[in-house]
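With the hints as a guide, dock the two chains, each given alone in a separate frame, to form the complex.
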Amino acid sequence: MTTLVGTGSLIRLALRLDRVRLPIWILVTAGLVLATASSVAELYPTEASRRQIAATIGSNPAMTAIYGQVYDTSPGAVVMWRLAITGALLVTLMSIMTVNRHTRQDEEAGRLELIGATVVGRHAPMAAALIVATGANILAALLIAAGLTGQGMPVDGSFLAGLSFGALGITFAAVAAAAAQLAENARTVTGISVLVLAVAFVLRLIGDAGSATWVSWLSPIGWLQKAHPYAENRWWIVVLLLAVAIVLIGAAYALVSRRDHGAGLVRPRPGPADAAASLNGPFALAWRLHRWSMIGWMIGFLVLGVMFGSIANSATDLVKDNPQVARIVEQMGGKSALIDAFMTAILGIIALVASVYAVQATLRLRAEETSVRAEPVLATGVSRLGWALSHLVFAAVGAAVMLVAAGLAMGVAYGISVGDVSGQLGNVLEAALVQLPATLVVAGIAMALFGLAPRYVIGSWAALTVFWLLGQLGPMLQVPQWLMNVSPFTHVPKLLGDISATPLIWLSVVAVVLMAVGLAGFRRRDIG
Amino acid sequence: MTHAISVSGLVKNFGRTRALDGLDLTVSEGEVHGFLGPNGAGKSTTIRVLLGLLRADAGTARLLGGDPWGQAAELHRRLAYVPGDVTLWPNLSGGEVIDLLGRLRGGLDPKRKAVLLERFELDPTKKGRTYSKGNRQKVALVAALSSDVELLVLDEPTSGFDPLMEAMFRECIEEEKERDRTVLLSSHILSEVEALCDRVSIIRNGRTVETGSLAQLRHLTRTSIQAELAVEPTGLAGLPGVHDLQARDHHVKFEVDTAELDGALRHLTTFGIRSLTSQPPTLEELFLRHYEDEPK
Chain A
1 MTTLVGTGSL IRLALRLDRV RLPIWILVTA GLVLATASSV AELYPTEASR RQIAATIGSN
61 PAMTAIYGQV YDTSPGAVVM WRLAITGALL VTLMSIMTVN RHTRQDEEAG RLELIGATVV
121 GRHAPMAAAL IVATGANILA ALLIAAGLTG QGMPVDGSFL AGLSFGALGI TFAAVAAAAA
181 QLAENARTVT GISVLVLAVA FVLRLIGDAG SATWVSWLSP IGWLQKAHPY AENRWWIVVL
241 LLAVAIVLIG AAYALVSRRD HGAGLVRPRP GPADAAASLN GPFALAWRLH RWSMIGWMIG
301 FLVLGVMFGS IANSATDLVK DNPQVARIVE QMGGKSALID AFMTAILGII ALVASVYAVQ
361 ATLRLRAEET SVRAEPVLAT GVSRLGWALS HLVFAAVGAA VMLVAAGLAM GVAYGISVGD
421 VSGQLGNVLE AALVQLPATL VVAGIAMALF GLAPRYVIGS WAALTVFWLL GQLGPMLQVP
481 QWLMNVSPFT HVPKLLGDIS ATPLIWLSVV AVVLMAVGLA GFRRRDIG
Chain B
1 MTHAISVSGL VKNFGRTRAL DGLDLTVSEG EVHGFLGPNG AGKSTTIRVL LGLLRADAGT
61 ARLLGGDPWG QAAELHRRLA YVPGDVTLWP NLSGGEVIDL LGRLRGGLDP KRKAVLLERF
121 ELDPTKKGRT YSKGNRQKVA LVAALSSDVE LLVLDEPTSG FDPLMEAMFR ECIEEEKERD
181 RTVLLSSHIL SEVEALCDRV SIIRNGRTVE TGSLAQLRHL TRTSIQAELA VEPTGLAGLP
241 GVHDLQARDH HVKFEVDTAE LDGALRHLTT FGIRSLTSQP PTLEELFLRH YEDEPK
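In order, the protein sequence lines correspond to chains A and B.
When we follow our numbering, the leftmost residue of the first sequence carries the number 1, and every step to the right adds one.
When we follow our numbering, the leftmost residue of the second sequence carries the number 1, and every step to the right adds one.
Be a bit skeptical, because a hint or two may be false.
Simulated restraints, written as ranges between beta carbons of each label pair [what the hints assert, rightly or not]:
(1) A:GLY386 / B:ASP198: 34 to 40 Å
(2) B:ASN39 / A:ALA520: 31 to 37 Å
(3) A:THR3 / B:LYS111: 47 to 53 Å
(4) A:THR118 / B:GLU174: 38 to 44 Å
(5) A:GLY386 / B:GLY30: 30 to 36 Å
(6) B:GLU284 / A:ARG21: 46 to 52 Å
(7) A:ILE458 / B:SER224: 56 to 62 Å
Just so you know, these hints were derived from the structure itself, not from any lab.
It should be emphasised that the depicted structure is a prediction, and the values quoted were computed from it without experimental measurement.
Ideal placement from N, C-alpha and C gives every residue a C-beta, glycine not left out.
Isolated chain B, as found in the complex (with noise of 0.2 Å):
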């Protein structure tokens, strides 16, 4: 399978600050790819490094096969960005600033772009000052959605939608999918990126962190088990991958690396169960544990 987008070892200083410390991010041509991290953790870096806004400082970044610095312009005709923070122009109706930025990729259909209108209920005719973050999004979206392109960088667009248009957005996003186009999406919206990312990757202080499909990352975290036994159990700190313990005569409750699980059952076997719970990570926990400063 080609890459749509692949980054490795990508740098990118301000003055003394290090927003890029050796990012790695791999996207496949058609998946939807999760951009996950905390505020400050390098996405838009990232996203404005891949389209040749920024000049990286060091490692290596291909945008469709190409070069996102050297052929921005020609690279920049095959996709559609929607910056986290929009802005338009004060004197443009949105419907304007539609159709301008579709001519500028090369063209976009004015009957999709009718549809997604309808559908994200916004006003084209309203000037560009008098909309709402929200609505400013919707018509970056609009126009990113209604081009014809094979990928599109979307940069957390959903911030400032309502529930409704949220899902709308998923419906959307899942039409692109089945369209075979890449997508990749930078998000805080944790159900969002569960409902709509092949693959994930969690980055932050400028590094990646995790990356993979959802199955492989919650493989990598701890199921909590909950268990009242038969005999006061014994030996249970020292198993591998067993956090937490907390032990009150029978009961017992403590997390387990997913890897370990089997190994931790078994031990508690022998001690006689009389009641066992055990959650799965939710993607909560998931990404609490990368976000949240892990002590050295």
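Bound-form chain A, shown alone (with noise of 0.2 Å):
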């Protein structure tokens, strides 16, 4: 097979290059598996606990939505229910990442041509690329499966779990490397790798959410929750996952012997010989280069917004069946504040996917700059404040039309759904609006490091990662106090109709000032 010849040497070239950014995706992964799992453990310890948490669940469709069934009372079986989400969303971002990263972005900054040049075969760079993301899923599908049974698991449960969660990390690997067949660019390889990945979570949401529960097996997603592990055992899971990865890498792997270096089977068609007199300035200019994935995006929030509107409502089934639940409920104010809870949890991770956009928005300007496009724009008479803040609007507004598409959306849905459009949408709407500052300080803490610290932009991922993990485990896991008022998204009032200025005054200042300084750095710094 004289076209995988070099693949050896380009693994090892991979592994050089990953060696920091791969182990701790791993290690990243396997922990905040094991640390839920230990966590959700002791938040059930009882046979009793377990049924009951069964029953709310189950007989909830907003929470069964989100997190799918549980779908067996023994305690691993309630762990892989709560962490299959979380787990499935790591392994599938490590695996496009990695695997775009190896192949298509190598291959359009030019680098590819360089190795392809020497002693490698035309299909090495994929091959080596897939080598490199199912070894990291391996790894951490061990990982895990030996921190489960450390835990006291069944050791056939823990190991399924574990290879579940690879097998579909190294599915999503393949989804990436036939994605880098279709598209020229990077971006757009991940684009369609985590529309893919989108396209797999709404199935099986709708699926489990509501009466056509096929649906869910349209899902890879869907289909590593029906591993059921420590219940059923379905090892056949792993095996239809990774039947799945090998026709896509088949189906890869012949379309890299039908197009020409740097192509994509899609052709890009020809452009206007002359600008648009519109194109006249820097905003104009990022407009253009900011449109589509503002349009996409924005797609994006609506489609999520309607869908979560629409289940909203359901989230009262609760009340109904659980005479506990609803003495509760009852103290807080009732059914209506029970959406309000539901809307406002939902909303808070809408505004962290908000804060994805905000952040890669903001840094397409470091993008510019290291791809060397931005050196002519700052050599006409283009001043760098001027230039920053082109793309920094983008950011900005781009962030505040997200939260008002998902706001509108959701809150036309959930109006439908209880037949009170007019009185319901201002509430969603504010609801929505309320995130906006603590998106924005995310966008402040991309700034303010292109401006300063430049090498140092993937800092503002760490942090929106951080902030993910404390919002969304924090209070599980018992966090303490000072360490969640870390994330912005801590200080964002919790409940419709009782919003306090104060802390969004706070975060608006933060925001600001964080742009600021990096605006300031900006233009204190050299560009390259």
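So this is what it looks like as structure tokens:
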């Protein structure tokens, strides 16, 4: 197989390049899974408590939609139920990024051309990337399996749990490998792969929330949740995931031979010979660069909003079946308070996703700088401040657009489901916009790093991950309050109708200061 | 005569590496100035300081009478820059980039753009990522040449060009010269520099090692002499400016500093010249002498 010549050297190169990144991914994934496992085990120590949570979740489509069914009342099964989604996100994102990094990203940057001209077969770069990603997934799987066993769970269930995560990761490594053959640039490859991930998530959500449970079977994430470790132990799910991976890899392998180096299967169309009169300044340029990404994200937020808005009302089913919870809810302010709590929880997640948009839009500045596209623009009459602002505006306004889109969609969908659109829309929209200052703080962190320490802009992703983990797992892991306070999302008012302006003002001030510091730093530093 | 660019004692460090180490550069208004040096000598760094993209650690730099760092944006309206490595936006067509860059500088001449597109045989409808290196450079060059500016800063603009395009480029720069525009041309192509430049600065390791017109620079180099003499010559090795002397019977071969040529020839005539070949220094020799690491 001469087309695979050199795979070994490329694997070593990839491992050398990823020697920090990959171990961190693997350790964070395994560590997070194990930390959740031990805290969930503590939370539901008795059979009775586990039966109760299973019943509560089972009767509540909203909760089922997010976390899936509790398929069994064994301790391991409850742990698996709780961490399936988080674990799935971590392994799939790790796989997508690793494969993209060593295939299309290198090809786009011209680094693969340098390598391709040496004794390296045509399929070697993809093979090397897939082998590295597969190895990382197997390592994560084994760590999870060993860790769960170490916490006293049955060995066979623990290994199935670990391996099902690993197999899901490998499947998405294959998705990224196929996407890398279709698109010419790495951003689109990430886009296609993440879209597949999002569709998989939405399919299982629809299947689990409604009566059409077969829909979940269309989704690899749905399969992961149906492996049922510590219960039926369906090992064939792992085989199913790997089979899909093999088919995708086969397709990608065939596609490599059908295309030229540097090209994708989707050919770019020619553009206009002259620029439209409107393309006349840094903002117009930034709009050209951001608009499709912005529209794509906005559609995503509309879909999310409609989805959660339409299931919010069923969150109250919880009350009917469970007198204990009903009493608590009564104290909190009745049924509407419960819906409010559900909505704010969902909007909290939506705000995190909006922050992802804001960070990547801000870091577009850095991407423009390192790809030397900023230099010719900054060598014209455009000032540094004007150029930086032209992108920052799209991060900030874009984040607001995303939250408004999600809030509008959620408000209308929820309003329709309770027959009161005019009454509910304003509330939900307000609750969505309340998240904006915290989101802008995250964009501010990215901007400050860009201005002051451009080599470390990746730290803004680290910060966002920490905020996400604190928000999702902090309360369960009983993280001390001072640590919770680090996250701007901790300070967002939690209940609708009772929104205090003080924290919002403070968050806005912090966001503005961070952005100003970043802009000032950028005006003083070297470009490049 | 006023100076379009005047730089003196420029120092720039990147961490522990010293990229510029007291560099001097003067470009008069209306001249085409060749900027030469081996890879890594600091040519691009100097240009980026002049464009206000990098902040110098020491020394002074003046550009079109202003401060390149403090007045970057306003000075940039009066110049056009072609980087050595042109990267375009993948989704913008070449024509869009040309118009955009021109407008960002304060406008461009659409007629001139059309003429240049034709002369450089550039298809403006292709998207950024589908251009080859040479064509990406043409995009930047057409954008620069169709802007109405006083100064052109060109950083190895022809490194991806074929000979035909190279000739077209020279023609264009000749035209710019006639319009009294100032050009700073960083280049590796010696014939290009020889054909276009009024004056040249050679830099090495972040310092200017030579500057002047080509004639002046030639004067600083050596002429090689081969002669057959009637009598075996003596005392040649002791003459000032004579190098690499090889003598066999009546034949001698040596190099002499052009400034000392007269003295050397006078000395030779005393031995009766039978035949004489004198070779003036080529530009290559001139540059190689400066590029190569000379033993201290």
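Here is what the structure says about each hint:
no., hint, result
1, A:GLY386 / B:ASP198: 34 to 40 Å, "holds, 36 Å"
2, B:ASN39 / A:ALA520: 31 to 37 Å, "holds, 35 Å"
3, A:THR3 / B:LYS111: 47 to 53 Å, "holds, 51 Å"
4, A:THR118 / B:GLU174: 38 to 44 Å, "holds, 42 Å"
5, A:GLY386 / B:GLY30: 30 to 36 Å, "holds, 31 Å"
6, B:GLU284 / A:ARG21: 46 to 52 Å, "holds, 47 Å"
7, A:ILE458 / B:SER224: 56 to 62 Å, "holds, 58 Å"
Checked against the numbered hints given earlier, this structure breaks none of them.
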